[in-house]
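There are 2 protein chains.
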Amino acid sequence: MKGAACTGFRGKQTQKHPCPVGQSIQQPQISWLLFVFFSSDIEISRAQSPKAVDVLAKEIGLLTDEIEIYGQTKAKVRLSLLERLKDQPDGKYVLVAGITPTPLGEGKSTVTVGLVQALTAHLNINSFACLRQPSQGPTFGVKGGAAGGGYAQVIPMEEFNLHLTGDIHAITAANNLLAAAIDARILHENTQSDKSLYNRLVPVVNGMRGFSAIQLARLRRLGINKTDPETLTEEEISKFVRLDIDPSTITWQRVVDTNDRFLRKVTVGQANTEKGFVRQAQFDIAVASEIMAILALTTSLQDMKERLGKMVVANDKKGEPVTAEDLGVTGALAVLMKDAIKPTLMQTLEGTPVFVHAGPFANIAHGNSSVLADKIALKLVGEKGFVVTEAGFGADIGMEKFFNIKCRASGLVPSVVVLVATVRALKMHGGGPNVTAGAPLKKEYTEENLQLVADGCCNLQKQIQITQLFGVPVVVALNVFKTDSPAEVDLVCKMAKESGAFDAVPCNHWSAGGRGAVKLAQAVEKAANQKNSFKYLYSLELPIVEKIRIIAQKVYGAQDIELSPTAQSQVDRYTQQGFGNLPICMAKTHLSLSHQPERKGVPTGFILPISDVRASIGAGFIYPLVGTMSTMPGLPTRPCFYDIDLDPITEQVKGLF
Amino acid sequence: MKGAACTGFRGKQTQKHPCPVGQSIQQPQISWLLFVFFSSDIEISRAQSPKAVDVLAKEIGLLTDEIEIYGQTKAKVRLSLLERLKDQPDGKYVLVAGITPTPLGEGKSTVTVGLVQALTAHLNINSFACLRQPSQGPTFGVKGGAAGGGYAQVIPMEEFNLHLTGDIHAITAANNLLAAAIDARILHENTQSDKSLYNRLVPVVNGMRGFSAIQLARLRRLGINKTDPETLTEEEISKFVRLDIDPSTITWQRVVDTNDRFLRKVTVGQANTEKGFVRQAQFDIAVASEIMAILALTTSLQDMKERLGKMVVANDKKGEPVTAEDLGVTGALAVLMKDAIKPTLMQTLEGTPVFVHAGPFANIAHGNSSVLADKIALKLVGEKGFVVTEAGFGADIGMEKFFNIKCRASGLVPSVVVLVATVRALKMHGGGPNVTAGAPLKKEYTEENLQLVADGCCNLQKQIQITQLFGVPVVVALNVFKTDSPAEVDLVCKMAKESGAFDAVPCNHWSAGGRGAVKLAQAVEKAANQKNSFKYLYSLELPIVEKIRIIAQKVYGAQDIELSPTAQSQVDRYTQQGFGNLPICMAKTHLSLSHQPERKGVPTGFILPISDVRASIGAGFIYPLVGTMSTMPGLPTRPCFYDIDLDPITEQVKGLF
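Sequence lines, in order, name chains C and S.
Using full-length UniProt numbering, you'd call the opening residue of the first sequence number 1 and step up by one each time.
Using full-length UniProt numbering, you'd call the opening residue of the second sequence number 1 and step up by one each time.
Here chain C stands alone, though its shape is the one from the complex:
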């Protein structure tokens, strides 16, 4: 089996509630329509029995010892596969991105799932979807699930939306161990002499004193080339035992995977046992942890360990960076993350394979699922197969980061971008009224209005142009809603093609599954055979400010950028610390191409304000803040948990959607 890729991905199953095959969305069968419109995502998910994950794994060419099964429907896939298939050519690599969305989202996940269902079950092409794991916090807050929806979703959706295989829990554990280590270390340094610290850090065990491996590494970094603890001078001991962390510079925060707004700002250390070393801190939602960004970008266990060690958590009192490695915790973090690094295999409603792996924030991080899942999937589908993955937010953010950060980390070259648009979002960009989550849509969105659509296509055009900056062909996928008129649909497709899209097709995957995305699949297949001249947007060697300016001007259409004094001094510090050659991860609103969410369409003439600049050194990027980014959601007055229940007899979950 060495070197063999999968022999087939023909996973389509008989559905208990069959999708209407070959019908257009305008004339659905009434009985089926009733089922679709009155069924929640979880009901549709449950109506389909997933195949056993070991069967799925065998279908796609995995060997028995390459998977670790978690229950009936999930399995982790071992990285050893990459070694076995290293001579296998990669498949085609497709990114699903979107136009500037409404707050409701325009359906990138459903397009991703619909597209692989169409490719695999309808065009007989091996394909794989690589998706992000959602945070559990919003599942119980306002959002409900995130497994796609309708007939284009990952099943079982409750497994997808809840603990999955524990990756986010592992991140939480690793993140918080490091946080605890920082404060405990400061306390111990503040309350002990050099000698006492040394005696405890390098204790006598069975009559002998020895450095641990990670302590020897620290000594080498400090330029102390000694291995016998008895030979250090007092000055060397002091250098060794004191990290001398400046508490006001700590950037490492604790995390929970819960929407807990009361943890946005807290004071810690108020018990007597902490001897008055209180400080103000915050908790972020777990997926905002730098460890999540590392999981998404890492390429191997060795690489992950190195990245974990390089994470900068604070500066010392001389302004030098203090890392996880300095705290002696790299190995423990790697141990906590040893299973999380393996992608989780699941399936779509039509039995197509899916990897769910990593889900970093799309503002303070890069918002893309993992490099490792993509790499493994590209080997598994074989040279003619397709791997479809998704970038968070609009193409100006998610796609730009996908190319400049994720593709740089992986070395992979994308074949096609699918740009998802909706008539609803285009009307908003054309001047339609506000779209707000929870409020009913205004009539502009439910009745035909060709003018609003035509005016809004400027945003689509701009996002197409952004894609073209990177030299990759773009196919527009118009995610059709039942209120869209045929004339509106035709208009969007026509304007998209006039704007330079390779093709533009309407999709009905939500209501019709893979069958509703067959045209999209055909267009993507053709586009993948086009000439591809992929390139990054900027060279890493440019100064940080220059890289920010290129993104702001070329992608967002800003006139220029303006750095606050804080931002400028952070840029200077990172440059001086040797971090100037990292790529840039912009933390900007996704609701506008500009920094002002209310400016729809294609804003021009604005100066992009950079309020602060931060760094995720382990993940490997600098992130400029354009405005304030919330890293901890809250619970509303009526959280969705009011509807969530478990049937104690059937063990079925109710109320996720």
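By construction, these hints were calculated from the structure, which means they are not laboratory data.
A hint or two may mislead.
You can't tell identical chains apart in this list, so a pair holds if it fits in one copy or across any two.
Stated by the list, open to error - List of simulated lysine-lysine pairs, DSS-like, C-alpha gap at most 30 Å:
{"no.": "1", "residue 1": "K531", "residue 2": "K384"}
{"no.": "2", "residue 1": "K51", "residue 2": "K654"}
{"no.": "3", "residue 1": "K310", "residue 2": "K226"}
{"no.": "4", "residue 1": "K265", "residue 2": "K275"}
{"no.": "5", "residue 1": "K58", "residue 2": "K554"}
{"no.": "6", "residue 1": "K310", "residue 2": "K535"}
{"no.": "7", "residue 1": "K317", "residue 2": "K265"}
Starting from the known structure of chain C, fit chain S onto it as the hints suggest.
Quick look at chain S alone, frame taken from chain C:
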């Protein structure tokens, strides 16, 4: 297969590093001794390849659809098994408890593992060990692993000690969702009118307003027998929308599974978005969550859901209890816990089956593994088989709670108590010098000293007498160390038998595996056929104070108890709230029979001071505090993570012990 129990538990495997069979501990082979003494627990664990968990599951009579495999060596077992085997008679039920321990621990876990290894592989009797899942916090702090040790451990020990199958992570998620819900609810009530709260809690969806199931339940509890949201009076609306929580009475704390001392006392809500509603709070280690105690005591999914709903998190401003059910979160908590309720199957070094399930604190909770794991194991071993489980701390605490709390919840009747003693602990009780973790043992403990042993046997005698209060036969297991002399060993066994033990035998399971516990297994088998007149120590109908007094006097040997005014007022409140009939879970030091850790042997004449009384209503017990109990450990100057590492090539974990 319906109704069939397991056909055999003969799981002994060829060991790469064989245990010395039939040798006494005094004359070990030199080469083997070197291996044992220079091997860490993780090296011994790794030297043995565990059998695949599906093979193990088949051996013990589980059907394919009754297990959910997690990787190669762990599986969750479905509760449906209890229904299939409901007519199968239970096996014998053995509790491993201990004398009052030194801070080093006396080896209850190793005895538990050694005993089942001896029963299964050497006496050919089906047996099962049921163990607690350890908290991950101490694994990286001071303690290292908790899977037993030497040749009597659960393998792979790194899987046992790390995430396992995610149960503690699920508890953390559920615990913290409830915590977030409490603070968010207070904020929303404080910032909105009744009308606005009602509009949000019972929103108009598709033109209609409806209560969710959990809101209808709340209306019924409030005596409002209406189902149409439009018909509530203003007064009824106000009653419905306002939980009116008194923030000063909140007892529900957030948790993390990390030793993070800076979270012992914190102030939350300091961001502007929380509008000044700051309050002081604390984080506990995850295993201190009431949800962990519920997991350990629950008997079914339905029962767990009811217990989760009944958890009291605070009082309202009238002094009435506010529950998780009032907050509308019961169903969501049950959903988060739906997999955690299934015990995890693993194996010992000799291939004997082990359930790892739940690990509540042994002071503020009852310190015993789960009722469900015991129940399932008792069916699986069959009528002649043995299930061995363990109680935290000394018998005065762990065993007393096992009988009065856990056996009451399960209805199970124990057959035998194994009381673990060491020469070391007995010498300490006989007046030997202090034993401190991390410091070398004084010579009294490494050289023969029959007088200290003889004097210290009073503690063993007292713990035997405590066991006899419950009418269960007791076998003393002397956990032999290499420094114990034959005369010391003989003396302990003789005095134990004179004190009323059914038998007393030396055990060498740590160095010799199951073979080292064969005599213990034979004694336990005989004892299990003795007359058993098991009884609880007190009736639930007695007043709270009376129940506390019975435990203090009969078990601890106190002269009397003394309640602080706070404790008395809490007793009055719980009694008035209708919680007076719950069993008592004493939160007392385990280092003495009294409340003073330094008083060894058998202290007398003391008055047990009850400083406070708290309640875990969902778990179902009242817990009086005897002194201060820390619910959040810290990291020392040199946490064990300095030694923990992951080999990126072999993926092996190093440095756990």
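Q. Of the numbered hints stated previously, which ones are contradicted by the structure, given in increasing order?
A. Hint 5 alone not satisfied by this model.
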